[in-house]
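Peer 1: As they're listed, the protein sequences go chains A and B.
Heads up: the first sequence runs through residues 1 to 563, numbered per full-length UniProt numbering.
Heads up: the second sequence runs through residues 1 to 563, numbered per full-length UniProt numbering.
It should be emphasised that the hints constitute simulated quantities derived from the structure, not laboratory data.
Treat the hints with caution; some may be incorrect.
It does not matter which identical chain is meant; a pair holds if it fits inside one copy or across any two.
To be verified - In silico DSSO-like cross-links for lysine-lysine, where the CA-CA straight-line distance does not exceed 30 Å: (1) Lys5 <-> Lys401; (2) Lys432 <-> Lys5; (3) Lys168 <-> Lys491; (4) Lys340 <-> Lys198; (5) Lys342 <-> Lys222.
Just so we're clear, the structure is a prediction, and the values are computed from it rather than from any experiment.
Number of protein chains: 2
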Amino acid sequence: MEQMKPNTANSSPLTPLGFLDRAATVYGDPPSIIYNQTTFTWSHTRRRCLQLASALSSLGIRPGHVVSVVAPNIPAMYELHFAIPFTGAVLNNINTRLDARTVSVILRHANSTVVFVDCASRDLVLQALSLFPENTQRPILILITDDTVEKTSPSVDFMDTYEGLVSKGDPSFEWVQPNSEWDPMTLNYTSGTTSSPKGVVHSHRGALIMTLSILIDWAVPKNPIFLWTLPLFHANGWSFPWGIAAVGGTNICVRKFDAEIVYSLIKRHHVTHMCGAPVVLNMLTNSPENKPLEKPVQILAAGAPPPSAVLLRTEALGFMVSHGYGLTETGGLVVSCAWKEKWNRLPATERARLKARQGVRMVGMAEVDVVGPTGESVKHDGVSIGEVVMKGGCVMLGYFKDPEGTASCLKNGWFYTGDVGVMHEDGYLEIKDRSKDVIISGGENVSSVEVESVLYNHPAVHEAAVVARADEYWGETPCAFVSLKACVKEKPTEKDIIEYCRENMPRYMVPKTVVFKDELPKTSTGKIQKFMLRQICRGHGTTPLFSFTKTLQIGVNWWHVRF
Amino acid sequence: MEQMKPNTANSSPLTPLGFLDRAATVYGDPPSIIYNQTTFTWSHTRRRCLQLASALSSLGIRPGHVVSVVAPNIPAMYELHFAIPFTGAVLNNINTRLDARTVSVILRHANSTVVFVDCASRDLVLQALSLFPENTQRPILILITDDTVEKTSPSVDFMDTYEGLVSKGDPSFEWVQPNSEWDPMTLNYTSGTTSSPKGVVHSHRGALIMTLSILIDWAVPKNPIFLWTLPLFHANGWSFPWGIAAVGGTNICVRKFDAEIVYSLIKRHHVTHMCGAPVVLNMLTNSPENKPLEKPVQILAAGAPPPSAVLLRTEALGFMVSHGYGLTETGGLVVSCAWKEKWNRLPATERARLKARQGVRMVGMAEVDVVGPTGESVKHDGVSIGEVVMKGGCVMLGYFKDPEGTASCLKNGWFYTGDVGVMHEDGYLEIKDRSKDVIISGGENVSSVEVESVLYNHPAVHEAAVVARADEYWGETPCAFVSLKACVKEKPTEKDIIEYCRENMPRYMVPKTVVFKDELPKTSTGKIQKFMLRQICRGHGTTPLFSFTKTLQIGVNWWHVRF
Numbered sequence: 001m002e003q004m005k006p007n008t009a010n011s012s013p014l015t016p017l018g019f020l021d022r023a024a025t026v027y028g029d030p031p032s033i034i035y036n037q038t039t040f041t042w043s044h045t046r047r048r049c050l051q052l053a054s055a056l057s058s059l060g061i062r063p064g065h066v067v068s069v070v071a072p073n074i075p076a077m078y079e080l081h082f083a084i085p086f087t088g089a090v091l092n093n094i095n096t097r098l099d100a101r102t103v104s105v106i107l108r109h110a111n112s113t114v115v116f117v118d119c120a121s122r123d124l125v126l127q128a129l130s131l132f133p134e135n136t137q138r139p140i141l142i143l144i145t146d147d148t149v150e151k152t153s154p155s156v157d158f159m160d161t162y163e164g165l166v167s168k169g170d171p172s173f174e175w176v177q178p179n180s181e182w183d184p185m186t187l188n189y190t191s192g193t194t195s196s197p198k199g200v201v202h203s204h205r206g207a208l209i210m211t212l213s214i215l216i217d218w219a220v221p222k223n224p225i226f227l228w229t230l231p232l233f234h235a236n237g238w239s240f241p242w243g244i245a246a247v248g249g250t251n252i253c254v255r256k257f258d259a260e261i262v263y264s265l266i267k268r269h270h271v272t273h274m275c276g277a278p279v280v281l282n283m284l285t286n287s288p289e290n291k292p293l294e295k296p297v298q299i300l301a302a303g304a305p306p307p308s309a310v311l312l313r314t315e316a317l318g319f320m321v322s323h324g325y326g327l328t329e330t331g332g333l334v335v336s337c338a339w340k341e342k343w344n345r346l347p348a349t350e351r352a353r354l355k356a357r358q359g360v361r362m363v364g365m366a367e368v369d370v371v372g373p374t375g376e377s378v379k380h381d382g383v384s385i386g387e388v389v390m391k392g393g394c395v396m397l398g399y400f401k402d403p404e405g406t407a408s409c410l411k412n413g414w415f416y417t418g419d420v421g422v423m424h425e426d427g428y429l430e431i432k433d434r435s436k437d438v439i440i441s442g443g444e445n446v447s448s449v450e451v452e453s454v455l456y457n458h459p460a461v462h463e464a465a466v467v468a469r470a471d472e473y474w475g476e477t478p479c480a481f482v483s484l485k486a487c488v489k490e491k492p493t494e495k496d497i498i499e500y501c502r503e504n505m506p507r508y509m510v511p512k513t514v515v516f517k518d519e520l521p522k523t524s525t526g527k528i529q530k531f532m533l534r535q536i537c538r539g540h541g542t543t544p545l546f547s548f549t550k551t552l553q554i555g556v557n558w559w560h561v562r563f
Numbered sequence: 001m002e003q004m005k006p007n008t009a010n011s012s013p014l015t016p017l018g019f020l021d022r023a024a025t026v027y028g029d030p031p032s033i034i035y036n037q038t039t040f041t042w043s044h045t046r047r048r049c050l051q052l053a054s055a056l057s058s059l060g061i062r063p064g065h066v067v068s069v070v071a072p073n074i075p076a077m078y079e080l081h082f083a084i085p086f087t088g089a090v091l092n093n094i095n096t097r098l099d100a101r102t103v104s105v106i107l108r109h110a111n112s113t114v115v116f117v118d119c120a121s122r123d124l125v126l127q128a129l130s131l132f133p134e135n136t137q138r139p140i141l142i143l144i145t146d147d148t149v150e151k152t153s154p155s156v157d158f159m160d161t162y163e164g165l166v167s168k169g170d171p172s173f174e175w176v177q178p179n180s181e182w183d184p185m186t187l188n189y190t191s192g193t194t195s196s197p198k199g200v201v202h203s204h205r206g207a208l209i210m211t212l213s214i215l216i217d218w219a220v221p222k223n224p225i226f227l228w229t230l231p232l233f234h235a236n237g238w239s240f241p242w243g244i245a246a247v248g249g250t251n252i253c254v255r256k257f258d259a260e261i262v263y264s265l266i267k268r269h270h271v272t273h274m275c276g277a278p279v280v281l282n283m284l285t286n287s288p289e290n291k292p293l294e295k296p297v298q299i300l301a302a303g304a305p306p307p308s309a310v311l312l313r314t315e316a317l318g319f320m321v322s323h324g325y326g327l328t329e330t331g332g333l334v335v336s337c338a339w340k341e342k343w344n345r346l347p348a349t350e351r352a353r354l355k356a357r358q359g360v361r362m363v364g365m366a367e368v369d370v371v372g373p374t375g376e377s378v379k380h381d382g383v384s385i386g387e388v389v390m391k392g393g394c395v396m397l398g399y400f401k402d403p404e405g406t407a408s409c410l411k412n413g414w415f416y417t418g419d420v421g422v423m424h425e426d427g428y429l430e431i432k433d434r435s436k437d438v439i440i441s442g443g444e445n446v447s448s449v450e451v452e453s454v455l456y457n458h459p460a461v462h463e464a465a466v467v468a469r470a471d472e473y474w475g476e477t478p479c480a481f482v483s484l485k486a487c488v489k490e491k492p493t494e495k496d497i498i499e500y501c502r503e504n505m506p507r508y509m510v511p512k513t514v515v516f517k518d519e520l521p522k523t524s525t526g527k528i529q530k531f532m533l534r535q536i537c538r539g540h541g542t543t544p545l546f547s548f549t550k551t552l553q554i555g556v557n558w559w560h561v562r563f
């Protein structure tokens, strides 16, 4: 049979944006978003997104422009996942926990034309703009006010408010279909403070495949009640903004939360699904509110491996825990430890050992493998170590304005994750060591390289190396090993170093521990042996509740993720 | 932001074939297929499919070749949905209920290189081959034996048996990835007896999108127990062969069934999901076995509209009925009447009216609309009639070797379904009249044009027109209106005409009723007014249980489908 060419009837660009039209038709009246006393229906949400897209177009936003958002999990944040790409522009979510310098670097690198700024991040963004070099084009600022936080009147810095834009827009605006399904739709920075920020670009097609894949893998039913405990700015909420529209769910938005708020929202709204980093589970189990749930709640977790004790406590409360592994570069979770029924008959330790493995690819991915230095598959024996590689529809287009960085991880038909793992005989992947430069603290990625580069600027520091230290609450915290310059007369204390870091990086990146050494352990070629430091780290201070290698022994049921 | 090109890591061709590898890894041991006393696991199924693909390759099967299958819902039939495309070849399912002439036309049009023949269809296929013109290349025949039916020893006509091929194959065969996701994967004939058979070609990409879309729309959970009451040869079982692998379900195969068998299989295997034409529901509700189910069974139905009485009876038994609308050209169901919770509060007649509508597109489709003769959308008022058009990833590549037929339905960026409908104010589609030439009898499509062409060959027939007649059991049966030639001396009886049809077409196409008229009603331009005939038809013989227009009044909850 000869090849038949695609035609215009069957090659409509794949995109998840149409899910909103469909949700408005199918689920017009049920709530799309609930936030404090505000409830929107899917008809409202579609109308508001179209108005916003229309207003953005009137501001001159065109396909390919980048529009940034600095906001927590509020309704505007959800709406912008449709409204911005509705104009053909690229959605750039920025972590609200970053420091002004990093935000400044990102906004300049992304060349943002408009920035939506939540009232609580106003100072952060204004400070970031003040760091722009003179004569640099500045983005238009739109303020997202929130009377539940404070009565804010926009200053001259802001062209308009979010609701002002919405009210100016035309609800009959026809949203801009991508020219190609490969058109960029999102841009997420995984690292911004070094000289080469990594801006992960995903296409409309990638976002669609990711969305369908996670819905099937997590077996999300129609009309779930989804509590937004996962920051939307983390890999665009693992594609759930589009997924919840696809299944007509209700988004329970929440600006800031603690265990009490989460339990109260679960109860009030009959929450069925939520996602989050392990720190969320820690919080839920350690809370005095943690009485067993009336109905089971599905929780999809990804992050550093937490202790099995936390897992067991969480499940005992009625949470059904699923785990995934993914990276910003894959748009969300793309591997999950699909559980086999027969495993339920094994002893607990054996079950725990099996659960500690990352698992198998979801349906949206073509292949996941572990390869050696020359690119060949390692033996599937659970012992042979190699780098985790993947291919498939969820893999990013590349890093923005970074062809070298892109080429170094997208090569030979694979995406090289930088994570080290083994493939078990039964085809299940297990991560053995995380990407060496990343520490995951409270669900946030901390690049050790970035922390080190700040430490190296301290006048007294000779050498610095930062590794992860297990932490009961945060999962991990950065631990800095520092050797001081011989010439230093007034030696800085641990507190001094920490104070210096606070002034020069986002709070979550600041080392919680500083260990002074006369000399850092090195290889024969002069490379610092971080492996040795991690060992020292485990013996330092309070006994860590868990560590990555210990994980294997105690059979922790957690998923490794880099977001 | 500039366009970023797809790369080899993220542009792996979309295909559902990899689901089998994944199922074998994830669900290695649980049953993949159960048939009588035989049970296969997913590891078995993958191994057998690879062996079969290997053996087919050894026979010279290459990408683009067409391999046909004439078989009911037996394990081999399921396996071939992977094994044939694993070689890069195109799967061509042939309806076992066709007559030899039609099968012959299809095999020649498809240029089949290999035909898998179930033992019960042996005579049919051999007869079909005997109709091949001399000096025509004949396909290799492989016999699927089945000891539960008869002990068959293959005759000289067959090169091998199915199990013979399986045993010769190499389980380490690496299946052939499509070069492009647009490569053809399946070929289904919707009409074969006229001079221009319509061979619907779907790509790997189309099959994947269809599969993910239906899984999400029907909210299929993991590990469903799926009873194959829907013929796999109908639009490749609406893509469920691949879907069941994606969610690690168990396929309950069954060669032939009646209500007793279905109820017994539901009970024995704890069936959770099944599909079928309305005639299956009729059968289930009319059976003496029809006591309420122990557990609810999801049933996805598509076919001619059945009476609401049947629907209510079916639901009363514990079946949860969902409905869909689709065509072979869309690879399965692509529209469904997503139910709104608020409708539950409406009076029964109003609920029934709403349920009679076909509904909204599933997530795999980009758009569904109703257009007037010049291609403009009709008013969304529930009254303005037009042709149903669609676009999106599930639409076929086109008709095989029929660029004209393809161009006539794939145009202006849309697939023109030939079905006539209205769009309601709330965006729900309702089919108002079926494609004029198609009668749906027991879930089979009967082209009235084809029946007429046979009738016109009868020596006594002057004019003939065939329309659908409502039938309590079959949904519809063909009703022939015939005027005889004036010169005819010995006028044929109804029985004579029916007998003549039996000799010249598949049984299910044979008119059940023949009405003689001196003259058929015509328009001023001489076109037979089928609309008038349908009216006459409704008044003829036993009162029909329902009719299409009546459907609207009694609020029938059924879905229109052409497969």
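Peer 1: Which hint numbers does the structure go against, in order from smallest to largest?
Peer 2: Result: hints 2, 3, 4 break, sorted rising.
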